[in-house]
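Asker: Here the structure of chain A is known, so what remains is to put chain B in place on it, guided by the hints.
Those protein sequence lines, which keep their order, are chains A and B. Position 37 of the first sequence, counting from 1, maps to 37 under my numbering, and the rest follow consecutively. Position 78 of the second sequence, counting from 1, maps to 190 under my numbering, and the rest follow consecutively.
Take these hints with a grain of salt, some might be off.
[Said to hold, decoys possible] Which residues of chain A face chain B? A few of them, derived with a C-beta cut under 7 Å, are:
(1) Ser43
(2) Phe102
(3) Gly103
(4) Ala104
[As the list claims (entries may be wrong)] Some chain A residues well away from chain B (every beta-carbon gap over 12 Å; in silico):
(5) Gly16
(6) Gly29
(7) Gln64
(8) Ala68
(9) Gln80
(10) Pro81
(11) Ala109
In short, the hints are calculated from the structure, not lab data. For every residue, glycine included, the Cβ atom is placed at its ideal position computed from N, Cα and C.
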Amino acid sequence: QKEVEQNSGPLSVPEGAIASLNCTYSDRGSQSFFWYRQYSGKSPELIMFIYSNGDKEDGRFTAQLNKASQYVSLLIRDSQPSDSATYLCAVNLSGGYNKLIFGAGTRLAVHP
Amino acid sequence: NAGVTQTPKFQVLKTGQSMTLQCAQDMNHNSMYWYRQDPGMGLRLIYYSASEGTTDKGEVPNGYNVSRLNKREFSLRLESAAPSQTSVYFCASEQPNQETQYFGPGTRLLVL
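For reference, chain A alone in the conformation it holds in the complex (with noise of 0.2 Å):
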């Protein structure tokens, strides 16, 4: 079974800090990593994509990509009350289509 895992949360912070969200997979050979964002009784939307070690920055999010240890992470810069959603991360399966497998996602609130 490949799995991606995520903590449930919540992660609570306050607004203006860093908010830090992990994500592991089990696939090895997995090549494409996704961070979604849920609000409550919403569709997910993509915030960024990621397919090489290391960082990749889009204004207050920075995407970071660990292939060796199976790990990735997204770090929300000066967290904003708009911000407090939940964050799922999505690891697309080696060899086949874009099939994405979702973690269950982190709760992230953001209070003033």
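Answerer: Coordinates of chain B only, in the frame set by chain A:
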């Protein structure tokens, strides 16, 4: 440009009843997907269609059938609903090599 639309938004069924969930996209995407989302379990792929005329099973296909009616539409059918199929169902579409799946608003299904 409506993106991905789903109907109905909410449905209550009795055990053994059948129904079809409809999904349509107006982005001219080749690939379409059906997921279910249960509390604490993240999104799980039910079926996907890489292109018009093709469909394939995902992680949890049992109890479901799909039809890729044309490039725009991808429907999910429950022939004999069971309480275990109570869930939120999301349809998504993707243009190959764009690495972004766009999700519909979801259908909340309750099977009594």
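Asker: If a hint holds in the structure, say so; if it does not, say that too.
Answerer: Each hint tested on the structure:
1. Ser43: holds (4 Å)
2. Phe102: holds (4 Å)
3. Gly103: With Cβ-Cβ at 5 Å, under 7 Å, it holds.
4. Ala104: holds (4 Å)
5. Gly16: With a cut-off of 12 Å, A/Gly16 remains clear of chain B, as the shortest Cβ separation is near 29 Å.
6. Gly29: holds (17 Å)
7. Gln64: holds (18 Å)
8. Ala68: Non-interface label on A/Ala68 holds, nearest chain B Cβ at 23 Å vs cutoff 12 Å.
9. Gln80: At roughly 23 Å from the nearest Cβ of chain B, A/Gln80 sits farther out than 12 Å, so the non-interface label holds.
10. Pro81: Its Cβ never comes within 12 Å of chain B, the nearest being 23 Å, so this holds.
11. Ala109: Its Cβ never comes within 12 Å of chain B, the nearest being 17 Å, so this holds.
Hint compliance for this structure: every hint is met.
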